[in-house]
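If you read the sequence shown in this note's numbering, its first letter stands for residue 1, the second for the next number, and so on.
If you are wondering where the hints come from, they were derived from the structure by calculation, not from laboratory data. Remember, predicted model here, so these are calculated numbers, not experimental data. Heads up, some of the hints might be wrong.
What the hints assert, rightly or not - Simulated DEER-style distance windows between Cβ atoms:
#1 R182 <-> S274: 17 to 25 Å
#2 W80 <-> P120: 32 to 40 Å
#3 R26 <-> G224: 41 to 49 Å
#4 P217 <-> A39: 33 to 41 Å
#5 R71 <-> L37: 15 to 23 Å
#6 L257 <-> E146: 19 to 27 Å
#7 K300 <-> E146: 49 to 57 Å
#8 R205 <-> A44: 41 to 49 Å
#9 E316 <-> R71: 27 to 35 Å
#10 A51 <-> A211: 41 to 49 Å
#11 V321 <-> R99: 37 to 45 Å
#12 P120 <-> R301: 42 to 50 Å
#13 D311 <-> A39: 48 to 56 Å
#14 S89 <-> C229: 20 to 28 Å
Claimed, not checked - Below, in silico cross-link-like pairs of lysine to any residue (SDA-like), each with a Cα-Cα straight-line distance of 25 Å or less:
#15 K300 <-> N264
#16 K300 <-> E316
#17 K64 <-> I147
#18 K214 <-> S142
#19 K64 <-> D38
#20 K64 <-> A47
#21 K214 <-> S158
#22 K64 <-> K214
#23 K214 <-> D181
#24 K214 <-> V225
#25 K64 <-> L37
#26 K214 <-> E316
#27 K300 <-> T313
#28 K214 <-> G312
#29 K214 <-> I147
#30 K214 <-> G204
#31 K300 <-> S319
#32 K214 <-> T313
#33 K64 <-> T42
#34 K64 <-> S17
#35 K300 <-> R310
#36 K300 <-> K64
#37 K214 <-> E314
#38 K214 <-> P84
Beta carbons: idealized from backbone N, C-alpha and C, even for Gly.
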Amino acid sequence: MKMSIDNGSTPALQRYSVSGETMGTRYSAVFFAAAGLDAAATDAINASLFAAVDQVDRQMSTWKPNSDLSRLNAALPQQWLAVPRALASVLQAALDISRQSGGAFDIGVGALVNSWGFGPVKQQLSAQQIGALKQQVAHAASETLEIDHASLRVRKLSDITLDLSGIAKGYGVDALARCLDRLGIASYLVGIDGEMRARSLKPGRQPWSVALEKPLPGMREVMGVMELCDAAIATSGDYRRFVDLAGERYAHTMHPLLGAPVRNRLAAVTVVASSCMLADAWATALLVLGEDAGVALAQKRGMDALFVLRDGTEFEEISIVAGQIQTQQD
């Protein structure tokens, strides 16, 4: 755990920062609370935060063979399986967003993710194998998964491998937020990797600032800053997780309708939404849809989104606020 105290805050509140490991990366929380909290108090807060995200990881990870999601993936078709309420809720949200995005977001891409080497088992593919993989098409989870919310059970109608990597991290950020809400902390910024959620304003009525990365592989460079208040933000892109196979680079985001990694001009899509789960999933969906269909859907749904397109070695931005494309003068 790391903790820092900012004595330059208002007299009644101090700034605290804690962090830890989860989901193969790190979570963090910056919050303002009563001045003078000792190490034991901040350790207790951090322990609660870790428990919140660890529960999400134990339920929704594809990397843990004993997770609830892994048990569901291993279950036979038509077999009902009891699941935790949180997992059932995330599965339902994923199916809803799949339908709303015309199938661009689909958690049924687990077999594709594994085949392309982005799953728990790493592999080096030959050109012949890549050609065969490009002929695969994912089974739509919306047509295969049945959720019984009353009894908290789920079944697959056919053999399918589910992958929640496009939504679970965002839900984990929301779990961090709910944890601090329960502890009575009213001003915070929580995050897992680059997915963030803010509550209220900082002392002095200042919004929380979140840096947006320039989508450059292997580099960490700030492209801009987004200000948040009672909102969440998530980014999906092609520059952080990718593999180089047979002389070509493939990003980890799968296009469920094409059965292969996404290949379009978009380098990154950032979405601001009411929850990080929604921001996370919609960032993925818009990235899959591309610069034309993605922008059109964001406008139609009245979303807040930033599209970053590659233009040779440069980048072009399309900013949408409440469904309206912003001009440079805005």
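Results for each hint:
1. For R182 paired with S274, a C-beta distance near 19 Å keeps the hint of 17 to 25 Å intact.
2. Restraint check, W80 to P120: a C-beta distance of roughly 26 Å breaks the suggested window 32 to 40 Å.
3. The hinted range of 41 to 49 Å is not satisfied by R26 and G224, whose Cβ atoms lie roughly 22 Å apart.
4. Our hint of 33 to 41 Å for P217 and A39 holds, since their Cβ atoms are close to 39 Å apart.
5. At about 39 Å, the CB distance of R71 to L37 disagrees with the hint of 15 to 23 Å.
6. Judged by the Cβ atoms, the range 19 to 27 Å given for L257 and E146 holds: they are separated by roughly 22 Å.
7. Checked against the hint of 49 to 57 Å, the pair K300 and E146 fails, with Cβ atoms roughly 29 Å apart.
8. One distance hint, 41 to 49 Å for the beta-carbon pair R205 and A44, is violated here, with the actual separation near 29 Å.
9. The hinted range of 27 to 35 Å is not satisfied by E316 and R71, whose Cβ atoms lie roughly 44 Å apart.
10. Between A51 and A211 the CB atoms are about 28 Å apart, so this pair departs from the stated range of 41 to 49 Å.
11. Restraint check, V321 to R99: a C-beta distance of roughly 25 Å breaks the suggested window 37 to 45 Å.
12. For P120 paired with R301, a C-beta distance near 34 Å fails the hint of 42 to 50 Å.
13. Between D311 and A39, the C-beta spacing of about 50 Å keeps the proposed range 48 to 56 Å intact.
14. Look at S89 against C229: about 25 Å separates their beta carbons, and that is inside 20 to 28 Å.
15. Straight-line distance between C-alpha atoms of K300 and N264 comes to about 21 Å, which keeps the hinted pair within the 25 Å bound.
16. Straight-line distance between C-alpha atoms of K300 and E316 comes to about 21 Å, which keeps the hinted pair within the 25 Å bound.
17. Between K64 and I147, the direct Cα distance comes to roughly 22 Å. Compliance with the 25 Å bound is thereby established for this hinted pair.
18. Simply put, K214 and S142 have alpha-carbon atoms about 34 Å apart, too far for the 25 Å limit, and the pair is violated.
19. This hinted pair does not check out: K64 and D38 have alpha carbons roughly 35 Å apart, beyond 25 Å.
20. The suggested pairing of K64 with A47 holds, with an alpha-carbon distance near 21 Å, which does not exceed 25 Å.
21. Proposed proximity of K214 and S158 is contradicted: the alpha carbons are some 41 Å apart, above 25 Å.
22. A distance of roughly 31 Å separates the Cα atoms of K64 and K214; the hinted pair therefore is violated under the 25 Å criterion.
23. For the given pair, K214 sits about 32 Å from D181 by alpha-carbon distance, which is inconsistent with the 25 Å threshold.
24. At most 25 Å may separate the alpha-carbon atoms for a hinted pair to count; K214 and V225 meet this at roughly 11 Å.
25. With a C-alpha separation of about 35 Å, the suggested pair K64 and L37 falls outside the 25 Å cut-off, and the hint is violated.
26. Restraint check for K214 and E316: the C-alpha separation of about 11 Å stays at or below 25 Å, so the hint holds.
27. The hinted pair formed by K300 and T313 fails the criterion: a straight-line CA distance of about 30 Å is larger than 25 Å.
28. Restraint check for K214 and G312: satisfied, since their Cα atoms lie roughly 14 Å apart, inside the 25 Å limit.
29. Among the hinted pairs, K214 with I147 is inconsistent with the structure: their alpha-carbon atoms are about 39 Å apart, more than 25 Å.
30. Among the hinted pairs, K214 with G204 is inconsistent with the structure: their alpha-carbon atoms are about 29 Å apart, more than 25 Å.
31. With a CA separation close to 14 Å, the supplied pair K300 and S319 stays within the 25 Å bound.
32. Between K214 and T313 the alpha-carbon distance is near 12 Å, which keeps this suggested pair within the 25 Å criterion.
33. Between K64 and T42 the alpha-carbon distance is near 29 Å, which puts this suggested pair outside the 25 Å criterion.
34. Of the pairs offered as hints, the one joining K64 and S17 is violated, with about 28 Å between alpha carbons and a cut-off of 25 Å exceeded.
35. About 24 Å separates the Cα atoms of K300 and R310, which keeps this hinted pair within 25 Å; it holds.
36. Distance check on the hinted pair: K300 and K64 sit about 38 Å apart at the alpha-carbon level, beyond 25 Å; violated.
37. Restraint check for K214 and E314: satisfied, since their Cα atoms lie roughly 11 Å apart, inside the 25 Å limit.
38. With a C-alpha separation of about 37 Å, the suggested pairing of K214 with P84 is violated against the 25 Å cut-off.
Hints 2, 3, 5, 7, 8, 9, 10, 11, 12, 18, 19, 21, 22, 23, 25, 27, 29, 30, 33, 34, 36 and 38, counting from the list given before, are not met by this structure.
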